[in-house]
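As you go down the protein sequences, you meet chains A and B in turn. Number 50 in our numbering belongs to position 50 of the first sequence; there are no gaps in the numbering. Number 86 in our numbering belongs to position 86 of the second sequence; there are no gaps in the numbering.
Hints were generated in silico from the structure; no laboratory data involved. Treat the hints with care, since some could be wrong.
Derived CB-CB ranges, DEER-like [what the hints assert, rightly or not]: (1) B:97 x A:101: 26 to 34 Å; (2) B:82 x A:57: 15 to 23 Å; (3) B:78 x A:73: 29 to 37 Å; (4) B:92 x A:51: 25 to 33 Å; (5) A:62 x B:107: 35 to 43 Å; (6) B:16 x A:94: 37 to 45 Å; (7) A:18 x B:152: 24 to 32 Å.
Output of the computed footprint for chain B on chain A, the stretches with three or more beta carbons under 8 Å from beta carbons of chain B [what the hints assert, rightly or not]: (8) 44 to 51; (9) 79 to 87.
From the three backbone atoms N, C-alpha and C, an ideal C-beta is built for every residue, glycine too.
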Amino acid sequence: MSAFAPLIEAVTRHRGVTACLVVSEGDGIVVDGTAQVGMNTSPFAALTASLYRKAGKASAAAGFGTVSYFELEAEEGRVLAAGRNGLLIVAVAESRVNVGLLRVELLRAAERL
Amino acid sequence: MIRHSVMVGWADAPVKRYVDDARLQLSVLMHPSGQVLAQHGFQRKLDVQTACALSAAINATAVQLGLLIDGAPFTDLHYAGTLRQLYLAQIPIATGTLVLLSVFDEESSLGIVQLYLDELRSTLATTAPAEQPDSPPALAEDFERELNTNLAALFGRG
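Required output: the full structure, derived from the provided sequences and hints.
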């Protein structure tokens, strides 16, 4: 069991969460995680890490400092990510997920990255 | 940033799309012998020549080293520098294997490069010519002349 397993387990326990990955922010490579069968995690991780980095640059350009949390809302689901120390914890969830609770869980998990 | 791009033949469009999608700084598609097929980002003929020669040498070394210690050739190689990273990948096509050198900075990432490289591999597997009747096998005595011919064609001189 990896050091990230408890964090991933805490996130995936939430109803509506379909995947949780720990991803290297710089490389966009999956470090650890769990996902439903059929999900292509490598491209997803690479693109999400890229989005997170770009969001960080936009935030810095706007003078808002570093990004610690990122949320993307789509038609049929959400992608939530929190980062620290060059790592991201990313959750993929259905639209019906309790976003507030999941956000708190992700930020808590990010503190332990 | 001004990006210089020179492409020829069937590899043009796929490699250009790969370079744009993956946000690369430099890219060269070559034969394992070092003969250049397409390049993007290099401004001087000599730079392409050097990059191809070094990449071909690294690839040959990785193949032999892989066979020696793992029983199978090492296919891809990633090196992360302070500001730039390189990814040297093998691309199988109908007539053999090509080598692709990709150089990127913080605008891209290893994951992004691998993602679009998979797309490029699929595309080149279908677009690369199945046979090359006009191109005889590369011989050591012809290598330098052929390399110079390719470079001249790529850079519009000669």
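Quick one: are residue 16 of chain B and residue 94 of chain A within 37 to 45 Å, going by C-beta?
Given range 37 to 45 Å: holds, Cβ gap about 38 Å.
Within the assertion that chain B covers the segment 44 to 51 of chain A, do at least three residues meet a Cβ-to-Cβ distance smaller than 8 Å?
holds (count 5)
Mind checking the hinted window 25 to 33 Å against the Cβ distance between residue 92 of chain B and residue 51 of chain A?
The hint (25 to 33 Å, Cβ to Cβ) holds, given that residue 92 of chain B and residue 51 of chain A are roughly 31 Å apart.
Given the hint of 15 to 23 Å, is the C-beta distance from residue 82 of chain B to residue 57 of chain A inside that range or not?
Since residue 82 of chain B and residue 57 of chain A have Cβ atoms about 19 Å apart, the given range 15 to 23 Å holds.
How does the segment 79 to 87 of chain A fare against chain B when you require at least three residues with a CB closer than 8 Å, holds or violated?
The restraint on the segment 79 to 87 of chain A is violated, since only 0 of its residues have a Cβ under 8 Å from chain B and three are required.
Would you say the C-beta atoms of residue 97 of chain B and residue 101 of chain A sit inside 26 to 34 Å of each other?
The hint (26 to 34 Å, Cβ to Cβ) is violated, given that residue 97 of chain B and residue 101 of chain A are roughly 50 Å apart.
Taking the CB of residue 78 of chain B and the CB of residue 73 of chain A, does the distance hold inside 29 to 37 Å?
Since the Cβ atoms of residue 78 of chain B and residue 73 of chain A sit about 34 Å apart, the hinted range of 29 to 37 Å holds.
When you take the CB atoms of residue 62 of chain A and residue 107 of chain B, is the distance between them in 35 to 43 Å?
For residue 107 of chain B against residue 62 of chain A, whose Cβ atoms are near 19 Å apart, the range 35 to 43 Å is violated.
Okay, residue 18 of chain A versus residue 152 of chain B on CB: inside 24 to 32 Å?
violated (54 Å)
The structure is inconsistent with the numbered hints 1, 5, 7, 9, although it conforms to all the rest.
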